[in-house]
Amino acid sequence: MKGLVAGALLAFSAGVALAQPAPRNTLVILREIDADNYDPARSTARSAGESLYMMSDTLVSLDWDMKTVRPGLAERWDVSEDGKLYTFHLRRDVTFCDGKPFTARDVVYSIQRWVAPETRSPVRWRAGPLKEIRAKNDHTVEYELNEPYGELLYQLSLFFASIVDQATVERLGANFGVQGFNGTGPYCWASWTPRQELVLQKHPNYRWGPPIYRNPAPQVDRVIWRIVPESQTRLAALQTGQADVTQYIPPIAVSQLRQLPMVKMSTQENYFWDHFMGFKVDKPVVNDPAFRRAVNQAVNRSAIVQAVWFGNATPADAYMNPNTAGYDAEAAKLVPGYDPEAARRTLDAAGWAMGGDGVRAKDGQRASFLVYAINTQEGRRYLEAIQADLRRVGVEMRIQLWDATVGWGKLATQEFDAFIMSYPYVTATDGFSLYFDSRNRPTPNRMNWSDPATDAALQEAKTALDPNVRMAAIARAQRIVSENNVWLPMAREQIWVAASQRTEGVRAHGIYGVALYKGLDIRLTR
Amino acid sequence: MSATALETPAARPARRRDGVWPRLLRDPVAAVALGFVVLAVLAALLAPWLAPSDPYDNNLLAAMKPPGTEGLPLGADGQGRDLVTRLLFGLRVTLLMGLVATLAGGLLGMLLGFLAAFYRRWLDMPIMRVMDVMLSFPAILVGLAIAAIAGPGIPAVVVAMSIATVPLMARITRGSALVVMQLDYVVAARAVGCTDAQVILRHLAPNCLSPIFVFATLRFGQVILLGSALSFLGLGAQPPTAELGAMASEGRNFLFFAPHIAVLPCLLIFLLVLAFNLLGDALRDALDPRMRF
Chain A
1 MKGLVAGALL
11 AFSAGVALAQ
21 PAPRNTLVIL
31 REIDADNYDP
41 ARSTARSAGE
51 SLYMMSDTLV
61 SLDWDMKTVR
71 PGLAERWDVS
81 EDGKLYTFHL
91 RRDVTFCDGK
101 PFTARDVVYS
111 IQRWVAPETR
121 SPVRWRAGPL
131 KEIRAKNDHT
141 VEYELNEPYG
151 ELLYQLSLFF
161 ASIVDQATVE
171 RLGANFGVQG
181 FNGTGPYCWA
191 SWTPRQELVL
201 QKHPNYRWGP
211 PIYRNPAPQV
221 DRVIWRIVPE
231 SQTRLAALQT
241 GQADVTQYIP
251 PIAVSQLRQL
261 PMVKMSTQEN
271 YFWDHFMGFK
281 VDKPVVNDPA
291 FRRAVNQAVN
301 RSAIVQAVWF
311 GNATPADAYM
321 NPNTAGYDAE
331 AAKLVPGYDP
341 EAARRTLDAA
351 GWAMGGDGVR
361 AKDGQRASFL
371 VYAINTQEGR
381 RYLEAIQADL
391 RRVGVEMRIQ
401 LWDATVGWGK
411 LATQEFDAFI
421 MSYPYVTATD
431 GFSLYFDSRN
441 RPTPNRMNWS
451 DPATDAALQE
461 AKTALDPNVR
471 MAAIARAQRI
481 VSENNVWLPM
491 AREQIWVAAS
501 QRTEGVRAHG
511 IYGVALYKGL
521 DIRLTR
Chain B
1 MSATALETPA
11 ARPARRRDGV
21 WPRLLRDPVA
31 AVALGFVVLA
41 VLAALLAPWL
51 APSDPYDNNL
61 LAAMKPPGTE
71 GLPLGADGQG
81 RDLVTRLLFG
91 LRVTLLMGLV
101 ATLAGGLLGM
111 LLGFLAAFYR
121 RWLDMPIMRV
131 MDVMLSFPAI
141 LVGLAIAAIA
151 GPGIPAVVVA
161 MSIATVPLMA
171 RITRGSALVV
181 MQLDYVVAAR
191 AVGCTDAQVI
201 LRHLAPNCLS
211 PIFVFATLRF
221 GQVILLGSAL
231 SFLGLGAQPP
241 TAELGAMASE
251 GRNFLFFAPH
261 IAVLPCLLIF
271 LLVLAFNLLG
281 DALRDALDPR
291 MRF
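Read top to bottom, the protein sequences are chains A and B. Numbering follows full-length UniProt numbering, with no gaps: position 320 of the first sequence is 320. Numbering follows full-length UniProt numbering, with no gaps: position 281 of the second sequence is 281.
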């Protein structure tokens, strides 16, 4: 009953907001925010990736299990004995949106553009220790590394490594991905009205979709990526048939949407987008490993995740999702579970004695620390819950929320003792290299975690030739970090995609947080 | 007809002796508004004793329980905290923010207004043009700027609210002071050798107080609204502090699912602002000499 009332209210507000029905054979996708541009070398935004996966292709693709690398523009590849030379054999039937045939030169150009210092891509490290990329012939590319890099294929499946057309990039210059685009993807750039909509047209020749889809060709004529910032309006538009798909669903609405007959919901268990709190390990109070351990013990993750995400996230009892390649179950056991009594004992044993104001102290130092966070709905709510849990064991946590416009700058400073963050990752080595490599200080390694053993383990996890050695190395890194409680792992988001009644074949993928991936297999029945 | 006309003058002398309070309370709307304000202030002052629970202790199992749930007459917020408690403590912070901002901005504005009126030749132009410049900045923008520089928090919001009050108060004060400056007793005070400070404090200020007092009351309501708006935008109270605007902001996302979380603080803000506006209007009427007949 309550759901019906809410549904009716939602429907009402949608009728007011967007009163045009979705056009025939046009897939209308709703999202919260737009991207600054659609150039794979210049944007790291999820919203850019969402459209880039549809407008362009990568050499390899990633299966639904998030572990198996599948063909993409490369139909097969060989890796040399020493792990330093990858040879990609390209498909011969691929063309760009403007009809130009796709060749090895396009791959060489796109990768070189990505890693070139003047492009200033913030994620060029993902391309690995690249020595040289060269076209052996029109359909063979050699990717030569300075040292082995076990992560390479995963990284090449991300949209940063999308193949683009050199002539279009040079013609548009800084306006590439703003005024136009030319890729080999299933849908082609038609028009972009920033902060309103991006319109894509079907790529008529396209039949080289990744083998993870049943149909390698697109089946809708047009795709409109429309920006609707208000969550209630998005949901209402979906229920009334004015839009077809969205992955931007507030957690509180998921269970109700699952009960509505006019909405089809899809999820995917191999979805890696985690929330955590990181401690600056060189700042007073939080530099005490026992203190960090006690914080981990004092926080009731399950209750918080239930209250904040309404059952649509999973409490993170480890640093990595158990479904990731490289997850170590032994390391997970080192992450303390919820036990407020144990937290009190840990603090007592470490010399943090209860003070008169309900806050512990040690050597005149109060058990108080400052958290910085970007002001998001979930972040604010779980911080407040953590704060209440810590208060019960005599720890004061001060919260400072920042608007996103200044927040990223503030998070790059050394002014705070802890911070919260959420992020997508592909593998354990991917996530750990990002955050725990000492070379990544001060960001994204905002914890200032600088440990030679961790660095050595990460290096081996990336460069060892034997997959078993790589696994053992990343497991070692996870154990070191877990033992030291560098983070308070919080929650693993679940991905949910809601689709309208006329939409078929929508299946949540979730690579780098992107639900629809290539957007293939989607059909409209009306 | 003629009987009434004859009776009315007879009633007048009695009323003329009335002070401001009786005249104010004779207006039923003003009496209700004043009663509400007094109640709100008392509730805010006594919040620690009135509140049924700890305002910062959560109970996630009770999160978003609707009003009327056992033990939770007004329901619980997103953290499972009793809304009665949160509203009491929120009221406290909101009223205090309003009071500090009205006092700080008001006093500074008064000072500038008196200076502009008193030293008309030298200070009037510069002060009032600066006030005009300040008036052209929306208070929300000032709040955003301060929060961006100093970090969001209650001090940032109070500063923004004060800054927004200064030019308005300066104008009102200057206007009244200019009138009083022309009066004979001011000229007389100067003639007998009073210092500038004595003239301003003893003769000018007391005779300008009525419009200032009325304006301060009206402004108090507006300042509360502005503070709530800034907190709603996330610039004000940081968790876990209860503040009405921040509480409304938290509840906004659950408007369809748990409307009480946003509606109750909004209702309280609405009533507070309305009460202060009505009170200000009634006070103006009560203090207006032209109404005394």
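If you're looking for bench data, these hints aren't it; they were derived computationally from the structure. Do not rely on the hints blindly, as some may be mistaken.
Stretches of chain A that chain B covers, calculated by requiring three or more beta carbons in the stretch to come under 8 Å of a beta carbon on chain B [to be verified]:
(1) 98-107
(2) 513-526
Computed footprint of chain A on chain B, listed as stretches where at least three residues anywhere in the stretch have a Cβ under 8 Å from a Cβ of chain A [stated by the list, open to error]:
(3) 75-87
(4) 98-107
(5) 137-143
(6) 209-216
(7) 247-258
Note that the Cβ used here is the ideal one computed from N, Cα and C, for glycine as well.
Outcome of the hint check:
1. 98-107: violated (count 0)
2. 513-526: violated (count 0)
3. 75-87: Three-residue rule met by the region 75-87 of chain B, so holds; n is 3.
4. 98-107: Our answer is that it is violated, as 0 residues pass the Cβ test (under 8 Å) against chain A, missing three.
5. 137-143: It is violated, with 0 qualifying residues against the three required.
6. 209-216: Violated - the region 209-216 of chain B has 0 residues with a Cβ nearer than 8 Å to chain A, which falls short of three.
7. 247-258: holds (count 6)
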